[in-house]
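Q: Starting from the known structure of chain L, fit chain P onto it as the hints suggest.
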Amino acid sequence: MAAPAAADAKNRLAAQEPLWLRLLLTALAIGFLILIVALPLAAVFGEAFRQGVGAYFASFDDVDVLSAIELTLLVAAIAVPVNTIFGVIGSWAIAKFEFVGKSLLVTLIDLPFSVSPVVAGLVYVLVFGVHGWFGPWLVANDIQIIFAVPGLVLATMFVTFPFVARELIPLMEEQGNEEEEAAISLGASGWQTFWRVTLPNIKWGLLYGVLLCNARAMGEFGAVSVVSGHIRGETNTMPLYVEILYNEYNFVAAFAVASLLAMLALVTLVLKKIIEWRFGGSSAIG
Amino acid sequence: MSVQSIAGSLRKETVLPGFGLTLGLTLTYLSLIVLMPLAALIFTASGLGWQGFIDAAFTPRAMAAYRLSFGTALIAAAIVAVVGVIVAWVLVRYSFPGKRFLDAMVDLPFALPTAVAGIALAAIYAENGWLGAPLAEMGLKIAFTPMGIIVALMFEGLPFVVRTVEPVLQDLDKEVEEAAASLGAGRFQTFLRVILPAILPAVLTGFALAFARGLGEYGSVIFIAGNLPMVSEIAPLLIIIKLEQFDYAGATAIATVVLVAGFLMLFVINWLQRWNKRLGV
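Each protein sequence line maps, in turn, to chains L and P.
Per the numbering used here, the very first residue in the first sequence carries number 1; after that it's consecutive.
Per the numbering used here, the very first residue in the second sequence carries number 1001; after that it's consecutive.
Okay, chain L solo, but in the shape it has when bound (with noise of 0.2 angstroms):
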């Protein structure tokens, strides 16, 4: 019996690194995480504070700045529900029944993370913009979509569109039917299984989803970046302020508004790591 255990466990040895390639690919690894990724969120800090304490916190001392944070609170309180809603239902058609084009709809519910920001937002100017489709019609109804609130919520949207369905679809897929099945026969009616069976099943998977898309809401740039108009005070969101406050040489504040939205990404990072070990799942791409 010694023999084979002892041949096992040079095979096994066999099939490791040696230890100095072990130790070379760790620390090449941890290098290039903190060369292409750390670094860039110890600048946003680093040159926030540049300045000391009190021109960071100076830079919110600005109405500007409390507009563009309201404005990016308020398009997410609009678009992250409105997606939520609606990717539990699409995921409710998807993932509990069998129909023609199944496969296409998932495609085509996917489709926004294949469109270059820039391009959607450009195709909402092209529906609601002055010589768009609607053009005509909203100015003689003085309606104001591009340059103002609904085409930034519009355009953050399309963008944050897929999030939620792509989480819910496979994990719904997975748990099938029967559970929702017996409850049924059992009496009850489709928006009680609904709220008592299925939602408790998918409450992480369906957090997970809400969160990476609120995370993409209010980070979101060059969709809303085309629909905005960059008026101050009116239309800029966090990130289009940054960046005006970037290009006017206004370092210290840009990184410190900067340094919002980046502690917003870190918290949205915990939680998430939070719910992938309660859940176990992580089918994060994207």
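Hints were generated in silico from the structure; no laboratory data involved.
Even glycine gets a Cβ: it sits at the ideal position worked out from N, Cα and C.
It cannot be assumed that every hint is accurate.
[To be verified] Below, a sample of chain P positions facing chain L; criterion: calculated Cβ distance under 10 angstroms:
no. : residue
1   : V1090
2   : P1146
3   : M1147
4   : L1215
[Unchecked claim] Listing some non-contacts, in silico: residues in chain P with all C-beta distances to chain L over 12 angstroms:
no. : residue
5   : G1049
6   : A1078
7   : D1103
8   : A1136
9   : L1140
10  : T1145
11  : L1196
12  : A1198
13  : L1204
14  : M1230
A: Just chain P now, with coordinates in the frame of chain L:
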């Protein structure tokens, strides 16, 4: 009847309600938010006529922008494909203190707003920046050159490769590697002949995802790119410039090219993912 349908054909004929309602709402919302606006782009572009489209989409300045976007996205994706495999390998195979922290860090580019990454990278690689200063002494200029664009796209692309390769490496059967070793293969040989073929579809998928992201990326790039026409001006930026000049034909035509490139990448990625699944890993 219901017992039979539950026992018989679970997926095909479910007793669950709401199919018509949920599918109808989904299609309506999808059409309003995604499909109708995209159709507007294709429609406006086709209104230019074939010659008009060609003239607007393929000016020398636009061609330079496509070449730049394509080239920098390709180089950045190739670099992060290699780096990403090393990072994924270390995260899956080795254990060391701080590994969880490192693992969480990989997702940062997904969570950090692109504009924030953009100004941070510009600050780091500017001539007086943390890395820009020592590099400038060696005569290497990164910020405000196409090199800067590659750096920004590497930041955005790295997590795609790591997160695609990681699960495949995790599921890899170690016994196959042990068998290779017992048959006399060296570690490097085992990697090339056994491990690499198994993870290749995942690596290519990650590469394609990073490349596709790089083609359309805007926020993280414009602060570090320099944005010089013909030299360091990416295609998405040119769309915005055309729009600001009220050149709707130009903006629409260039956007159509960028959109089609994105869709082509989507097909490639879907195909790669199916290949990945067929391998059963």
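Q: Does each hint fit the structure? Answer for all of them.
A: Verification of the supplied hints:
1. V1090: It holds, given that the least Cβ distance between V1090(P) and chain L is near 4 angstroms, below 10 angstroms.
2. P1146: violated, 18 angstroms
3. M1147: At about 14 angstroms, which exceeds the 10 angstroms cut-off, the nearest Cβ of chain L leaves the hint on M1147(P) violated.
4. L1215: holds, 7 angstroms
5. G1049: Fine: 17 angstroms to the nearest Cβ keeps G1049(P) off the interface.
6. A1078: Nearest chain L Cβ is 14 angstroms from A1078(P), so the label holds.
7. D1103: D1103(P) not clear of chain L: closest Cβ-Cβ about 8 angstroms, inside 12 angstroms.
8. A1136: holds, 17 angstroms
9. L1140: holds, 15 angstroms
10. T1145: holds, 18 angstroms
11. L1196: holds, 15 angstroms
12. A1198: Nearest chain L Cβ is 14 angstroms from A1198(P), so the label holds.
13. L1204: The claim holds: L1204(P) sits with its nearest Cβ about 14 angstroms from chain L, beyond 12 angstroms.
14. M1230: holds, 19 angstroms
Of the hints listed earlier, those the structure fails to meet are numbers 2, 3 and 7, in rising order.
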